[in-house]
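Participant: Below, each chain spelled out in residue letters.
2 protein chains.
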Amino acid sequence: MGAVTNGQGGATHRYQALADIICALLDSGVLCQGMRAPSVRRIAAEQGVSISTVLHAYRLLEDRGVLEARPKSGFYVTGGGPTARATPRASKPKDGPVKVAVARGVLSLLEYAGRPDIVPLGCAIPSAELLSAGGLDRFLARTARVKGKAYNIYTEPRGDAQLRREICHRALRCGQVLRPDAVAITNGCTEALSLALRAVTKRGDAVAIESPTYFGLLQVLEALELHAIELPTAADTGLDIAALAQVLATKPVKACLFSSSFNNPLGCSLTDDGKRAVLALLERHGVPLIEDDIYGDIYFGPERPKPFMALGRQADVIYCSSFSKTVAPGYRVGWIATERHMERVLEAKFALTLCGAALPQAALAEFLSSGGYDSHLRRIRRAFAENIDRMTRAVDRCFPAQTRITRPAGGFVLWLEIPGRFDSRRLFDVAIAHGICFAPGAIFSPSKSHANCMRLSCGHPWDARIEESIETLGTLTANMLEKV
Amino acid sequence: MGAVTNGQGGATHRYQALADIICALLDSGVLCQGMRAPSVRRIAAEQGVSISTVLHAYRLLEDRGVLEARPKSGFYVTGGGPTARATPRASKPKDGPVKVAVARGVLSLLEYAGRPDIVPLGCAIPSAELLSAGGLDRFLARTARVKGKAYNIYTEPRGDAQLRREICHRALRCGQVLRPDAVAITNGCTEALSLALRAVTKRGDAVAIESPTYFGLLQVLEALELHAIELPTAADTGLDIAALAQVLATKPVKACLFSSSFNNPLGCSLTDDGKRAVLALLERHGVPLIEDDIYGDIYFGPERPKPFMALGRQADVIYCSSFSKTVAPGYRVGWIATERHMERVLEAKFALTLCGAALPQAALAEFLSSGGYDSHLRRIRRAFAENIDRMTRAVDRCFPAQTRITRPAGGFVLWLEIPGRFDSRRLFDVAIAHGICFAPGAIFSPSKSHANCMRLSCGHPWDARIEESIETLGTLTANMLEKV
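First to last, the sequence lines map onto chains W and D.
Under the working numbering, think of the first position of the first sequence as 5, with each following residue one higher.
Under the working numbering, think of the first position of the second sequence as 5, with each following residue one higher.
Rather than coming from a laboratory, the hints here were simulated on the basis of the structure.
One thing to keep in mind: the hints can contain errors.
Each pair may be met inside one copy or between any two copies, as identical chains are not told apart.
List of simulated lysine-lysine pairs, DSS-like, C-alpha gap at most 27 Å [said to hold, decoys possible]: (1) 103 / 76; (2) 151 / 96; (3) 206 / 258; (4) 206 / 103; (5) 151 / 310; (6) 310 / 153; (7) 258 / 103; (8) 452 / 103; (9) 487 / 151; (10) 310 / 487; (11) 153 / 255; (12) 310 / 103; (13) 258 / 98; (14) 206 / 487.
Fair warning: this is a prediction, and the values are worked out from it, not measured in the lab.
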């Protein structure tokens, strides 16, 4: 990092030039949303300027909303760094329950995800490049070589015992007390969610969900012939708890199915107190909660958000998660945790898929106990935060003026709201013809209420191809808006 | 092999001594049911006797029912070699449909299967020792090392394309013409069956099944809230086609779910003509057939039996199978093949388990294309035939007189029928206390009509521990019979 050498002037210019350097670090992705800025002392030494000059520059950036000072901790890149645009408006879904019948087009998202000629902004799948750095495959290779014989068996009904112990150890870190026998390994989070719903609902029952929510949840509801009650959800504060209270008081809710943290697609979470309030409400109404914590480990803040289950040990919570978003989409290893409903869960699992593949579970157990997962998580959190930052800046630059953008606090998707009567499904068809895939908003709601929204996956490292695809999407969006 | 040297006499004694030697080969398992006996010329040379002496000995064994002469082919160990006992009687199930609610105890079978202190005659799981000889794990280790990065993704909805092509190639060998796009990889045969049933039935529908049938099928029916109509099935000739015709004419059958070959637990199959007759009946009534061909590759006869799908290309058949019984129980890779119902199958699969683990599929594809699977199959067919033969002899020796035994033509399970009002579930509880697991007969029927039967798995190489466990089971059975 070169010193400030424009040599044109006094302290005024010097601190402005320094501020520009910090902005360049942000633009280049060296600094990302939520990260601590280099210390005042370090910048002063590196740039050969006085501490007061650095402070001056940082205060200027603070005024511009780029940095924020935190007491006794230094300066941080603010959440709103890469864009000053408004966040999407809180959803106002129609009164439920509604029958769930999501677009059949959802299946095509996975097909497009496998095509190298399509820019992969559709499915929320992390790039294989990024994941391979974790070295899990080497663990699988070794496990197959060393334990292949012993592991070529059906696993016990709950799945690999060592993996379940590792999962329980990790859960303890955020206050979730789990017995290994209260955990069962599943074919990804998808199977965990379908088993959870089978355990506490029957065909025709109504399940309360966030709006928007992950289209995969809606597919599970559809496959089990359940109805959905959509709850208003804000892009910054998450689920509307007052609305939940009203729905519980007035509708026949059989279960709730909420994301623990970083709602997909909004990237927002309830606070711990908010989660406690939800648990209290559900307990009062005797309604079980199924929580989907698949994004919980991909947090950009100082610590991992707590799952609901960690905040109310007596509550009737079924916890679902997987390794698919953090390290192993190709391994199909997820898990379900429940004290009360394990018997029903195991019966259904045994009947419908028997058990999961043994060696991938054994390899993951070795990987977790090696400590490799933690350093891998640190790496991918940084990578996803940077990807989101870059994507946000690109959208900010390329999309029509009134486009609203989320500020995800974790995960790796962005959600855009386009003004007016915009139909992102039409944009989807045009975008695919341009070799770009994204997830159209309507599939995130059973009432198709988010047709003017779209989700962009930021799972792939930023490159010119992705940058160009955002430019193209922005232009196509602007063109379609003009015609509306 | 030493020459006949008792030296006590002429040709009469010599051929009898030779016959005893052949019986010893049978008892020691060197010769098994269905195998060709050593040629007359070879035995004559090895034993230093004349050809007519050998022929004399072989004719004696033929008279005793141990060998059978086949024109232009030589002498073979007869199917009935190891025992002269009667086969179980054809089932006469009650009129259906009946609600399916199989014993919850089924789950415990899998738990016992994982316990090294229990003799594993319960679950039909091949021994890991036997399977590891195939070397599939080395393929997985290499695939993880070489392709780990590229395969750490969700597979396309139908699963690994190379594996599907390999499956189609193999299917052609027995006349089954499959397009790779008409095949989807599943989490074992269990998921294939549940997806097939989901595709052609709705909750409350009636499905016709063999009686007895694999308890896992019953669990799938139960999980999907389907009803069962049990059809009489004979231990030698299989499904009673006339009874099927009558049921189709008089009951609201929505689908049939039959084993392609080697019914589990009976080990019997329909002939090709029988299968064609079934297809013709089903076509006339517009009823789809789901076939479970999981044991098809484990045949003891001269050639692989044809699946239904190979015998009627236009018929509405959904084919289900997996690699779990032949090479990879721990991999959870099965497949479903259907031209007509693929869209519904994929929708359900996507919603309920998304997709299967990628690397195990890739490793299996490499294994199949290497030709390793064929030599492995030859090896395990011999091993299973031998295991069944040994088990049959032991049962013959140790079980009460009127016990009936199947003569499986493939697979690796034996089915025993104990006379009278014997309750094998009670025997099960006692046997577990003795450290022995088997599958009690009642779980093979939704009407629990086979309570006096039991299934013994012959998936493990014969050893003293298994031999002793059969002695124990025989004694316990005799004791219980006395008390009845």
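Participant: Now look at each hint and say whether the structure bears it out.
Facilitator: Results of checking the hints against the structure:
no.	hint	in the structure
1	103 / 76	neither (52 Å within a copy, 68 Å between copies)
2	151 / 96	neither (53 Å within a copy, 46 Å between copies)
3	206 / 258	both (9 Å within a copy, 22 Å between copies)
4	206 / 103	both (14 Å within a copy, 17 Å between copies)
5	151 / 310	neither (35 Å within a copy, 36 Å between copies)
6	310 / 153	neither (39 Å within a copy, 31 Å between copies)
7	258 / 103	both (14 Å within a copy, 25 Å between copies)
8	452 / 103	within (12 Å within a copy, 38 Å between copies)
9	487 / 151	neither (62 Å within a copy, 47 Å between copies)
10	310 / 487	neither (46 Å within a copy, 60 Å between copies)
11	153 / 255	neither (53 Å within a copy, 48 Å between copies)
12	310 / 103	neither (32 Å within a copy, 43 Å between copies)
13	258 / 98	within (19 Å within a copy, 38 Å between copies)
14	206 / 487	neither (46 Å within a copy, 45 Å between copies)
Of the numbered hints given earlier, the model fails hints 1, 2, 5, 6, 9, 10, 11, 12, 14; all others are met.
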